[in-house]
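Number of protein chains: 2
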Amino acid sequence: MSKPLILVTNDDGITAPGIRKLIELMRKLGKVVVVAPEDPQSAMSHAITIKCPLVYKEIEITEDYKEYSLNGTPVDCVKFGLHRLLERKPDLIVSGINHGSNASINIIYSGTMGAALEGAMGEIPAIGFSILDYNHDADFSRSEEYILKIAKQVLEQGLDKGIALNVNFPKLVADNDYKGLKICRQSKAYWKEDFAERNDPRNGKPYFWLTGTFTVNENDESTDEWALENYYVSIVPVQFDFTAYQQIEKLKNWE
Amino acid sequence: MSKPLILVTNDDGITAPGIRKLIELMRKLGKVVVVAPEDPQSAMSHAITIKCPLVYKEIEITEDYKEYSLNGTPVDCVKFGLHRLLERKPDLIVSGINHGSNASINIIYSGTMGAALEGAMGEIPAIGFSILDYNHDADFSRSEEYILKIAKQVLEQGLDKGIALNVNFPKLVADNDYKGLKICRQSKAYWKEDFAERNDPRNGKPYFWLTGTFTVNENDESTDEWALENYYVSIVPVQFDFTAYQQIEKLKNWE
Chain A
5 MSKPLILVTN DDGITAPGIR KLIELMRKLG KVVVVAPEDP QSAMSHAITI KCPLVYKEIE
65 ITEDYKEYSL NGTPVDCVKF GLHRLLERKP DLIVSGINHG SNASINIIYS GTMGAALEGA
125 MGEIPAIGFS ILDYNHDADF SRSEEYILKI AKQVLEQGLD KGIALNVNFP KLVADNDYKG
185 LKICRQSKAY WKEDFAERND PRNGKPYFWL TGTFTVNEND ESTDEWALEN YYVSIVPVQF
245 DFTAYQQIEK LKNWE
Chain B
5 MSKPLILVTN DDGITAPGIR KLIELMRKLG KVVVVAPEDP QSAMSHAITI KCPLVYKEIE
65 ITEDYKEYSL NGTPVDCVKF GLHRLLERKP DLIVSGINHG SNASINIIYS GTMGAALEGA
125 MGEIPAIGFS ILDYNHDADF SRSEEYILKI AKQVLEQGLD KGIALNVNFP KLVADNDYKG
185 LKICRQSKAY WKEDFAERND PRNGKPYFWL TGTFTVNEND ESTDEWALEN YYVSIVPVQF
245 DFTAYQQIEK LKNWE
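From first to last, the protein sequence lines are chains A and B.
With the first sequence counted from 1, adding 4 to any position gets you my numbering.
With the second sequence counted from 1, adding 4 to any position gets you my numbering.
No lab work stands behind these hints, which were simulated from the structure alone.
Check before you lean on any hint, since a few could be wrong.
No copy labels: a pair is met if it fits in one copy or bridges any two.
Stated by the list, open to error - Below, a list of computed lysine-lysine pairs in the DSBU-like style, where the Cα atoms sit at most 35 Å apart:
1) K165 - K35
2) K61 - K254
3) K55 - K7
4) K254 - K192
5) K256 - K175
6) K156 - K209
7) K254 - K55
8) K7 - K209
9) K209 - K256
10) K153 - K209
11) K209 - K254
12) K256 - K196
13) K70 - K192
14) K256 - K165
15) K35 - K175
16) K209 - K175
17) K165 - K192
18) K61 - K256
Quantities reported herein were computed from a predicted structural model and do not represent experimental measurements.
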């Protein structure tokens, strides 16, 4: 059997330690093509580039491994990879390892998960990996076996059409091992926003940085936040139909 | 009773005809605060600005009407409006009128709907309005009564927590009236992507523009695409839980 073809991307940019680790792991499983943003694209969600053209660079091209950077968003990387750079539809798309949580409602802001969902929209099995550690030297040592296990499983079993996996790892503390995998649902939570104010030294005018406190509304064992809090690796199966089905009949009564 | 407070935003930018029309209509219903992007932010999805600071400008400030522009995305506009510019939580957030469809899977790329969903995440009733007409002089004459009717209804009845409405209008042809409102679900569809290639005149290197053909996979009367095709105004109630619930048990068998 020929080697599986795996497309790797992320949102922290092509030089981030998270994607370098993911590339290293995926090369154990198949033929890898990397198409990743040339600079950080965190919090770009499902954005695509329409105001300026896309330019790619070849970073490394060998028989079994190809690496390209693109001046676009993570979703651009998936689209451009699929339609311009890959020789065929890949068997798997992986995105990450993101430096920071994409659990709960963070998924909606996430470029990492935007890329994974774009894969699902193209009916390609896709997984986003994230670790709850913003540090450049985040410790991935205990994540590796899980990433390989999950990716292998998806390569062997596939995923139903239109489904991607949102995988989050707790921050590794003192080399303690994780308790295992847990299949979860997305937690209800919100960001209590704030904006830090500074002053422009040239004209004294205010400018603002978005800040905020993440607040979880529930403590249910079925949620990803519970799993992560309790040192499990969380897996949420995700999809891209936004319809609130339970509202349809209610709204029909309006008419 | 005091006038309702309405936050208006969009993704085409504060000068777009669509938002000017929406402002005009909302001023008939309440006290309006506009916080809109200073330049076009189409296809920005749920992106937020984290790499550069936000700066706003006061465009017009009166007792009953306030208008600000912001150098950010539609979601930034909602967050900044709610947490810095509005005196209290608004009774309604409206986004649009977008020049172009946000029906079906276009919702996931849409800055217009990103803003509406951000409202829903803050438990504020929110509506995104779009018309299937990219022209600068799109004809809104038949949309007006629907927009007023839907906004009034939401102001009076509210929406369940976490729900927003995705409202799309067919392109108006020869002043024909719409057939009515239709409550729908999001259609299954996809973009068959392509990338148009050009050459940089300075160095001969290729650059690319994303193009594509929108392809609808189903022709079911319950969908928004069917409604729009048949000259109805489509309303899809939407939510932001990405969990694929039907997959949870299936994945548990993996373990």
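List, from low to high, the hint numbers that the structure doesn't satisfy. Structure breaks hints 2, 3, 6, 7, 9, 10, 11, 16, 18.
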